[in-house]
Amino acid sequence: MALGKLKVRRIEVNGRLSPGVYAKDVILHIICTLGVNGGTGYAYEYAGDVFDRFSMEERMTVCNMSIEGGARVGYVNPDETTFAYLKGRPYSPKGAEWDAAVARWRAVASDTGCAYDDVVRIDAADIAPTVTWGINPGQGLPITGTVPDPARAKTPDEKASIEEALAYMKLRPGAPIKGTRIDVAFLGSCTNGRLSDFQEVARFIKGRRVAPGVKAIAVPGSQAVGLLCAELGIDKVFRDAGFEWRSAGCSMCLAMNPDKLVGDQLCASSSNRNFKGRQGSPTGRTILMSPIMVAAAAVTGSVADAREVFGVSAN
Amino acid sequence: MALEKITRIAGRAVHIPGNDIDTDRIIPARFMKCVTFDGLGEYLFYDMRRNADGSEKPHPLNDPAHKGAAILLSGVNFGCGSSREHAPQALQKHGIRAVIAEGFAEIFLGNSTTLGMPCVSASRGDIERIAAAVKADPATEVVIDVANQTVSFAGQTIAVSVRDSARDALVNGRWDPIGELIEGAGNAAKVASQLRYMSA
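Which chain is which? The protein sequence lines are A and B, in order.
Take 7 as the starting number for the first sequence in the working numbering and just add one per residue.
Take -19 as the starting number for the second sequence in the working numbering and just add one per residue.
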C-alpha cells in the first residue's frame, strides 16, 4: 500500500491559557515552534490540561491545522467531551448502539503509558495571541513581537525565506507587527467558522464599529452554524458592528467565489493559510490570527492586541 | 488491480528552486473550481509565471528550452499546504511525471504516489548538480530508476531515495489505494475482526 505507518508525536500543552489566548493561538504557536515541515511523517496527538478542557470545537481548530504543521493527521483522544458532543446528533447511534459505539471509541484511545515516537511539552502560559508575518503558517510571532530581521537569520535558507516573505508582505525587519494597517478582516473558514467562534467574538464587538475603510466579512463555516447564529441573533450583532454577514461557505479563505483580495490588500484572517496569492489576488497579503484578534483588527483598522482593544485583563 | 509498473522515468528536467513551495504556488486555489482535472496544467505556477494582465514573467516553465520537461527539481518541503490532489494533478496534466526535491510535504507525497508520479528525495548538492547539467544543456536526459533509487544524467549516477511504501506501490503497479482496498476487502475485513477496538 502507498500509505506507510505514521510515527506519533504527542504534543502536550499543560497549565492554563492566559485570558485572550485561544485554540488558534495554540496551534499557531505549535507550528511556529515545530516548523511547517516539523510534522512530516507524523500523526500529531494533542493532549494535556489545555486539550482536556477544550471543547470539541476548540479541538477541531487545532486538529484542522495539523496539516499546516506538516503532519498527516492530528487528533485528540476520545473522552467524555467527545461523547457528550456526539450524543443526540442526527446521525449518532441511539440506544444500545450508542453504548456499543462509546465502548468502541474508548478502545481506540491511546493506552496510558504507551510509547510515542516523540513527545513535546509546551507550557500554556508561554502562548500569547499569535499572528503570522510571512507567507507560511510557521512564520508567526506573539502580537507583542517584532518582524524578524534577515540579517539575524541562523542559516542562508532562513535568511532567503525571511527576505522572500518580507518582500511579499511589504513589512520592515524589526518593526512591531502590532499597528500594521489592514484593509480586510475575514472571520470564518473551516478553522474558525464555528458557532463558538461567532459567539465569542459577538461578546466583544457588541457596541463597537468596524474601522472606516476596513471591509469586514463574517462567514459561517456551515449552513447549520449560519442558522444557529441567526436563531441566537448573533448575525445582528455582527451587522450592527459593520460586518457583512454572509451565507455559509469557504469565502475568502481561498477565493473560489467572488470574495477576493484586490491588489496588495492586507487581510486579518481567521483562516489557516497565508500562502502567496491564497486569498485570490496574486499580490494579496494574509495575516493569520484568532477570531478575536480578527475582530480587534477590524475595529481598530490595524493588527492589534485583542486584550488591549477589548479590555481582556491578564491574571 | 495491477496498474502500470513505474520503474523508470526518463526525460528532460526543469529546476524550480526554493523551499516550502506550497500548493497555492503550484496551483492557486482560485483555479480549483474545475469538476475534472483537465486543463489544470495550463494554470501550473500561474502567479509565478504570469503578470496580472496575463503576460508572461521570466520563469523556468516559460523558457522554451524547458518545454516538455518531464521531471521537476526543487527544494525542501515541496508541496506543503492543501490536502487536495489538485497540485499533483496540475503538475501531471502539465506533463511532469516525477519530482526530485530535497523533501516533500506528507500529503503531497501521498497524493502524487496515488497518481503514479514518484516523489524522489535527493540531497541539495545532488539536485544542484542535476540542475547545473540541465542549465548547461536543457536537452540533458535525466533518468530516474525508481526501483534502484538512482538518478542518471550527463554520465553521472547519484543515489536518491523513494519512500519504501511509495516505491513498493509504484514498482509493483499497486499505486491506486482505492483499487487495492476494493481488491483486498476480504483481507481488510479479516484483519478488522481481529482488532480489539473494532470488535468491542
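Please note that the accuracy of each hint is not assured.
[Unchecked claim] Not everything, but these chain A residues come out facing chain B in the computed CB check (under 8 Å):
id	residue
1	L9
2	G10
3	K13
4	R16
5	A77
6	Y81
7	S116
8	A121
9	A134
10	K165
11	S167
12	K282
[Said to hold, decoys possible] Pulled from the structure, derived: some chain B residues nowhere near chain A, Cβ distances all over 10 Å:
id	residue
13	A(-18)
14	G(-9)
15	V56
16	V171
17	R176
None of these hints come from the bench; they were simulated from the model.
All C-beta atoms, glycine included, are put in the ideal place defined by N, C-alpha and C.
Exercise for review: Please write out, lowest number first, the hints stated earlier that are contradicted by the structure.
Suggested key: As far as the earlier hints go, 3, 4, 6, 7, 8, 9, 10, 15 and 17 are violated by this structure, in ascending order.
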